[in-house]
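A.B. asks: Each of the two chains sits in its own frame; use the hints to bring them together as a complex.
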Amino acid sequence: MIMSNTTNSEIKTSSLGERSIELNPSELFEFCKNLKESEGYDFLMDICGVDYPDREKRFESVYHFYNSKNKNRLRVKVPVGEGESVPTLIPLWKGANWFEREAFDMFGIHYEGHPYLKRLLTHHEFQGHPLRKDYDADQQQHLSQSLPIHFQDEKPHDPDSNLVPLNLGPSHPATHGTLRVMCELDGEKIARANVEIGYLHRCFEKMAETHPYNQVIPYTDRLNYCSAPLNNVAYCRTVEKLLKVEVPPKAQALRVVLCEFSRVIDHIVCMGAGAVDLGALTGFFHLFTYREMVYGLFEKLCGARLTVALTRVGGMAQDPPEGWYKDALDVCKKIEKGISEFETLLIGSKIFMERTCDVGKITTEEAIQWGYTGPLLRSTGLAQDVRKDEPYYGYDQLDFSIPVGSIGDLYDRYLVRIEEMKQSLKIIRQVLKNIPEGDYTIRDKDIVLPEKKDVYGNIEGLMNHFMLVIHGLRPDPGEVYVPTEGANGELGFYLVSDGSGHPYRLKVRPPCFAIYQSFPSQIQGGLVADVISILGTMNVIAGELDR
Amino acid sequence: MGLDTEDLSKSFALPTRMETFMAWGRKNSLWPMPYGTACCGIELMSVMGPKYDLARFGAEVVRFSPRQADLLLVAGTITEKMAPVIVQIYEQMLEPKYVLSMGACASSGGFYRAYHVLQGVDKILPVDVYVPGCPPTPEAVLDGVMALQKMIEDVRPRPWKERWTRPSFLAGE
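Going line by line, the protein sequences match chains R and P. Heads up, the first sequence is in the working numbering, so the first residue is 24 and it goes up one at a time. Heads up, the second sequence is in the working numbering, so the first residue is 95 and it goes up one at a time.
Just so you know, these hints were derived from the structure itself, not from any lab. Certain hints may be false.
[As the list claims (entries may be wrong)] Which stretches of chain P does chain R cover? Using the computed rule of at least three CB atoms under 8 Å from a CB of chain R, they are: (1) 141-152; (2) 163-169; (3) 173-180; (4) 205-217; (5) 226-232.
Note that the coordinates shown come from a computational prediction; the quantities given were computed from them, not determined experimentally. By construction, the Cβ of each residue, glycine as well, lies at the ideal position given by its N, Cα and C atoms.
So here's chain P without its partners, still in its complex pose (with noise of 0.2 Å):
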């Protein structure tokens, strides 16, 4: 049997290590798109600004285009008229793309149980992370991202994303 470099590729587990080698890059270079509409953005500024730092676990590059962006941070109510635009953003987001859904409104609606919020993103979103908090402080986002990237590290399956369709409600493509 002879050791060609095509055989070796086979049988070897190459291609293993060569997911986790790109799980780690990504890991560390999450570019996240801030989706902040309410509450959630300002402390959102807080995270991203000078004390806190969200630079420090490699996720600084802030996108404001979702082709750029992998990671989808829903900081905020989201209404039934935001619906629509959020999921146009995240079908725009290229693969493999991650969302956090930070605060209370964001994950269920929170205290708005109200006749234009959406009672949570994961409604229409997959969503990967959920982050407590009305809204939540800056540590608790930290760890929701290193949550993520614990995610990302070890390639966990993720079928909520795998079955994820657009919602039926929704018009056209």
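Excised from the complex, chain R in its bound form (with noise of 0.2 Å):
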């Protein structure tokens, strides 16, 4: 067991088995150095902060690092004033940067010695920190004027220079939403470059914290919408976790199923969009058909075909209709022979790979620098995969490998992409070769909500349903981190919960948002064109982004 050298705080592991400590602002640097040099922990995951308006130290500055080789985790936790600060990371690692500024912006945290500590998510003229307990939910701040061009070392263009400014977005139809890129351009090369988010911060978070726990799956599915499935997949299993609960056998395999084709209809999402960023047309056409195709699944699942919200804290919210098990294996079958046409007609063409063969290549350590997960961090060579690292829903009894890439350029990207989608359906096969029998959902009526038959049906059903929408789903108190693999890399939640009907805290680690920071130094020196082809890559999606 480590211990921090000045204090007696102690690693403490919880009733959850999760293990946390908890230090002061003075004693982090060394601490973090000493866990990253010596103890293996080479990923840092996630930083955000708590607010406790009843506390001496109102805030808690929480980071979650990961040990990738003996796949521990550890949580630490920073108390800290109104009006004091903590030593910034970004020295040890570089993805520090986005998150602190996050936690800057949602709370005023202070971080000493951060190079850019500006607002990220909310725009430059609002007033307080939204995610203080203080801060009304509903209180709008308008916005009288967007930012010029602005770069991170604050200097702003010289209209003398041989430079050319270029704004890109935030409505542009290669960043598929609303993400800004700027930069400054010498020729075709890029001198400056500089992102700006927040333009789709839709404050999932403070949301999560005034809704009951089952009314936050619907914003779920709000948060990466192209694979909305596994956002509620990741969320329930993390209030599970903390109400210390197992779904059924059956609601298990189901997951996995709906996770899979989540995965395979995101991919398809980022290549096809990708591919007409690069002027491939076609793809997007052919893999779309696909898509549409396992809509068409989830619309016989729900009634709704992308933002399903399907699981419920305890397992699913109902059972396929009949024939669906047939259904999805013949889908499969339909998207194997896609990829394959889709593999031939831009995997080997030549003007694809002139694009994207050794652009934008990034090195193992780099990418982990950033905090990169996911089928990037593949792509560079690392078989990393929360699936395989800290299986669930029993990943370790199904037969999958984890495709990896050699040197992490756009073109090794792709092909990672594709085989983890053949790899998907061969999963998706194997379950649905066996589903378990027996029920959906776990029925503690104190987490479930009774069936529709027994609330109309018999007075105990009727008082169950309304003592559960009343009085809601309470867990006890406490915390957990849970991560899920969402379909761009990590998908971590961290939950802290005071007891009462809502979240007290929820914060997502979207996998996007790690891999995002590192752009405009991935594009800087580049050419502009492969500014696009890069972005195509990342699959950023906005509304995980921003949140």
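C.D. replies: Right under this line is the structure:
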């Protein structure tokens, strides 16, 4: 067990099996340095703030570390008073940058030594810090004017220089939504670059704090809306861990099927839209045919196509209709054919290869520095996947492999995604072949709503329904961090409960947030045309990035 | 009374017919600018995609430049940060121009009654058609486009458009 040098605080293991330690701000940097250099904690997964207005030191800066060798996780909590500051971790992990900026934006926690501690998600005229408990959820503030082109070194563009300023977005076809990229061009080369995010900051975390646990599920749909069921599952797993319940085998199997279908359609959006940006419109039309088929499956399950809210805390919302498993297998077969056609169409194409080979390369070390996870990290050659490393829902019983790339260029990223789709289909087949018998949800009356026939049919069902709706689902006080393998990488939910009917704090660790913050340094020095192709492979989903 | 062409143009109902003719043309050649910001943007891809195919309704020429578009398809949540941008884009569009608000967020803020979300794009833009849903199904969007086409065909008055002024909280021109 590692001990901090200066105080006698030590690592505690909670009843939920999570290890955490509490430190003073002054000890943090040395402790983390030791963690990284001697203890092998190579990943800084997440930094977030929590507000406890009643405590002497009002805020807590919470860090989540991950050791990829022995798969250990550690949570470090640093209480900070108002007006105090915490040392920045950027010298150790470059990826700390945006996470710290976000905590500053949301809570006003000051990170000493941070080079650019400005608002990240809310607009620059915003007053106050919205995730503080005394900020009202619906108190809107208008913005009168967007920021002009700006850079992190805070030097404005010099009109007398030979450099040309270029603004991409937030409404640009290649940014797929609401990203804004600002560059200074020297000929066709990027001399300086910066990004501005937050154009889709929909206050997910504040909404979660003001809604009962089950009502948060539809909000999670809209995080990564390209693969909504994955978010549902990740969130429900988190709440279930806090409640110490395990969902029945049938629900687990169904969740695996949904997760893998989501992964496939997420990769379809990434590759189809990425191909459009490179001029290959056919790929988009071709792949979207298969996405529509999966939508069809979701629609049969619940009536919705995109934002499904299929899971409930404790299991699934309902049983699949008759014949669904067979339909799913048919769709699998069709998608498999479609993928191989797409491969022939695009992957072997000379133009495509010239646009992607050796472009946007990143080494494993650097990727870890930024906090990369998922297909992008695997394309650099590291086979890291939560499904293998910390298996859940019987992933360890399934036969599938983790594809890796070799040099981490854009071409590798496409290849990894294509292979992952094939592996996902393989998983779906295995699971669908023997779906366990039994119930699709647990039947704990304090967690799961009774079935409609009971609500309308007998007094007990009616009362249970009433109690759960009015009183809400109430987990014991505690905190958990649960990682799930999302389509873009590790999707983590950090949940703090105070025993009431809604989450006290719910922080999402969106995979593309860590990836996208490396974007300016990735494109700097490269060609302006590569900006688009690199952005396309990062698969930045604004809903998840800005939340 | 001589019957020369000039008199004919004054006495005959030609201007209306011309208007009808232009309306018919406009109706069938809407060039949408897809302003997809969120989940609705993904569903809008399906609207444009192979199965639902908006091209069948004469609106296939998707333009990402506001100068070339006449229908602003607001698909997704508009945040406070985005508001000045979308107004600027609307102002850059040439007349005649139409706005279709797709989904609950664009129409009213949806279930995001939140500190950074604009409570409906109609707070800042004159919306012609609202399409409900979260997100609306592609069929619903097609129905919305057809409703707009009907509106254009009938040359219906659009007082909301005529009364529209730039929101007062925005700076400058």
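A.B. asks: None of the hints should be skipped; say for each whether it holds.
C.D. replies: Evaluated hints:
no.	hint	in the structure
1	141-152	holds (count 3)
2	163-169	violated (count 0)
3	173-180	holds (count 8)
4	205-217	holds (count 9)
5	226-232	holds (count 3)
Violation of the numbered hints given earlier is confined to hint 2; every other hint is satisfied by the structure.
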